[in-house]
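Sequence order for the protein chains is A and B.
Note that the first sequence covers residues 1 to 203 in my numbering.
Note that the second sequence covers residues 1 to 112 in my numbering.
Calculated from the structure, these hints are not laboratory results.
All C-beta atoms in this analysis are idealised placements derived from N, C-alpha and C, irrespective of residue type, glycine included.
There's no promise every hint is true.
Here are the computed distance ranges between Cβ atoms for each label pair [claimed, not checked]:
(1) A:S10 - B:D52: 26 to 34 angstroms
(2) A:K68 - B:T31: 16 to 24 angstroms
(3) B:E104 - A:N67: 31 to 39 angstroms
In silico DSS-like pairs for lysine-lysine, Cα to Cα no more than 27 angstroms straight-line [unchecked claim]:
(4) A:K106 - B:K43
(5) A:K106 - B:K44
(6) A:K197 - A:K44
(7) B:K4 - A:K106
(8) B:K89 - A:K197
(9) A:K190 - B:K89
(10) B:K89 - A:K185
(11) A:K85 - A:K106
(12) A:K97 - B:K46
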Amino acid sequence: MNGRSIIILSIAIAFLIGFLFGIIASHATLLTFDTRLSFGDVIKAVVTLLVAVLLASYLQRRAQSNNKEKEILLCHLELILDELKMFESFRETKGGKVTEIAASLKRLSIAFNTLADILRELQYPPVVISAVNFAPLISDLRHLSTETPITKKIANHAKRTKCSSEVRNGIIQWADEKRTLLDNKIQEMKTSILKAKISINRV
Amino acid sequence: MKIKVATDFTTAPGPRMICEGQFSGEEFRKTLVFPKVSEAISKKCKLTVDLDGASGYGTSFLEESFGGLIREDGLTLDTIDSVIEFISKDEPALLVEIREYLQEAQAERGAN
Chain A
1 MNGRSIIILS IAIAFLIGFL FGIIASHATL LTFDTRLSFG DVIKAVVTLL
51 VAVLLASYLQ RRAQSNNKEK EILLCHLELI LDELKMFESF RETKGGKVTE
101 IAASLKRLSI AFNTLADILR ELQYPPVVIS AVNFAPLISD LRHLSTETPI
151 TKKIANHAKR TKCSSEVRNG IIQWADEKRT LLDNKIQEMK TSILKAKISI
201 NRV
Chain B
1 MKIKVATDFT TAPGPRMICE GQFSGEEFRK TLVFPKVSEA ISKKCKLTVD
51 LDGASGYGTS FLEESFGGLI REDGLTLDTI DSVIEFISKD EPALLVEIRE
101 YLQEAQAERG AN
C-alpha cells in the first residue's frame, strides 16, 4: 500500500466515523441538524475537508520521513558493526599488518564521528548522541592492538610475562593476554552498538 | 613551518621502531619531526603537524614520534607545547591521545 492510498483510506475511515457519530448523536437528540444548506455551510465543509486532507498528508509525510531517517541511521550502525567484524578477523589471526589494523580503526573512528555529527545536526537528544560516543572504546582498541614496548629491555620482560605484542616486518603478533583483552573490548563495543541502536529506535 | 604526514612521510604509518618495519615512528621522528622542531625552535616559529590524509595511526607510532621527542631527544613538554601545533580533523581523538603520550613521557623523565 503506497502513501496516497493510506491517506485516502484514513480520510474515508475518518468520514465514516464522523458520519456514524452524527447519526448516533442525532438519534440520541444530542445534536439537531438544520435541513437547509447554505452556501456558507458548503464553503465551511470544503475548507474543513481540505484542512483534514492537508493535515493528514503532512503528518503522514513527517512520520515517513522520521522512519526513513531512523532506518538510515540504523543502517549506518550496521555498517559500523561490519567494520568491527573485519577488525575482529585480525584477532583470529592473532594480529596482522600494523598499517591495516590502524586503517580499520580509523574507518571505525570516522564512521562513529560521522554518525554523532548527523545526530547533532538532526537535533537528537543528548542521551542518544552520547550513546554513539565510542571514542574511548576506539582509543582502548588502538592501545590494545597497536601498542608495543618502548625499549628492548621492556620488550623482553613483556615477552616473558606474555602480556605484550611483537612486531616483525610491520606485522604485529598479539600475546595471549592482549588477545583476551581485545576480545573483551570488542564484545563491549558490540554491546554499545546494540544500545545505540535501541536508543535511536526509541526516539 | 608544516609537516603533513601523508605527503611528507607516508600515507601508511607503520610500527614503533625502524627494526620493526617500514615507515616507523622512530624513522619519522629522526628524519622529519626532530629536525623540523629544532629548526622551528631556532627560528622561533610554530611547526604544524597535520595528521590527516594517512590511512591510520597505531599507538606505538604516535608515542614514538612525539613522546620520543621528550624521552630520546631531550625536549620538554613546555617546549613542544610552545612549538608544535597538531591538526587531526579525521580523528580528533588522536590529539587527546598524543597529549597523553607527551605527558606520560614527561612524567617518566621527571621520575628518572
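Cross-check of the supplied hints:
1. A:S10 - B:D52: 26 to 34 angstroms: violated (51 angstroms)
2. A:K68 - B:T31: 16 to 24 angstroms: The hint (16 to 24 angstroms, Cβ to Cβ) is violated, given that K68 of chain A and T31 of chain B are roughly 51 angstroms apart.
3. B:E104 - A:N67: 31 to 39 angstroms: Given a distance of about 48 angstroms, which is not inside 31 to 39 angstroms, the answer is violated.
4. A:K106 - B:K43: Violated - the C-alpha atoms of K43 of chain B and K106 of chain A are around 35 angstroms apart, more than 27 angstroms.
5. A:K106 - B:K44: violated (34 angstroms)
6. A:K197 - A:K44: violated (47 angstroms)
7. B:K4 - A:K106: holds (17 angstroms)
8. B:K89 - A:K197: Within the cut-off at roughly 26 angstroms; holds.
9. A:K190 - B:K89: Given pair K190 of chain A, K89 of chain B holds - Cα atoms ~25 angstroms apart, limit 27 angstroms.
10. B:K89 - A:K185: holds (25 angstroms)
11. A:K85 - A:K106: holds (14 angstroms)
12. A:K97 - B:K46: violated (34 angstroms)
Hints 1, 2, 3, 4, 5, 6 and 12, counting from the list given before, are not met by this structure.
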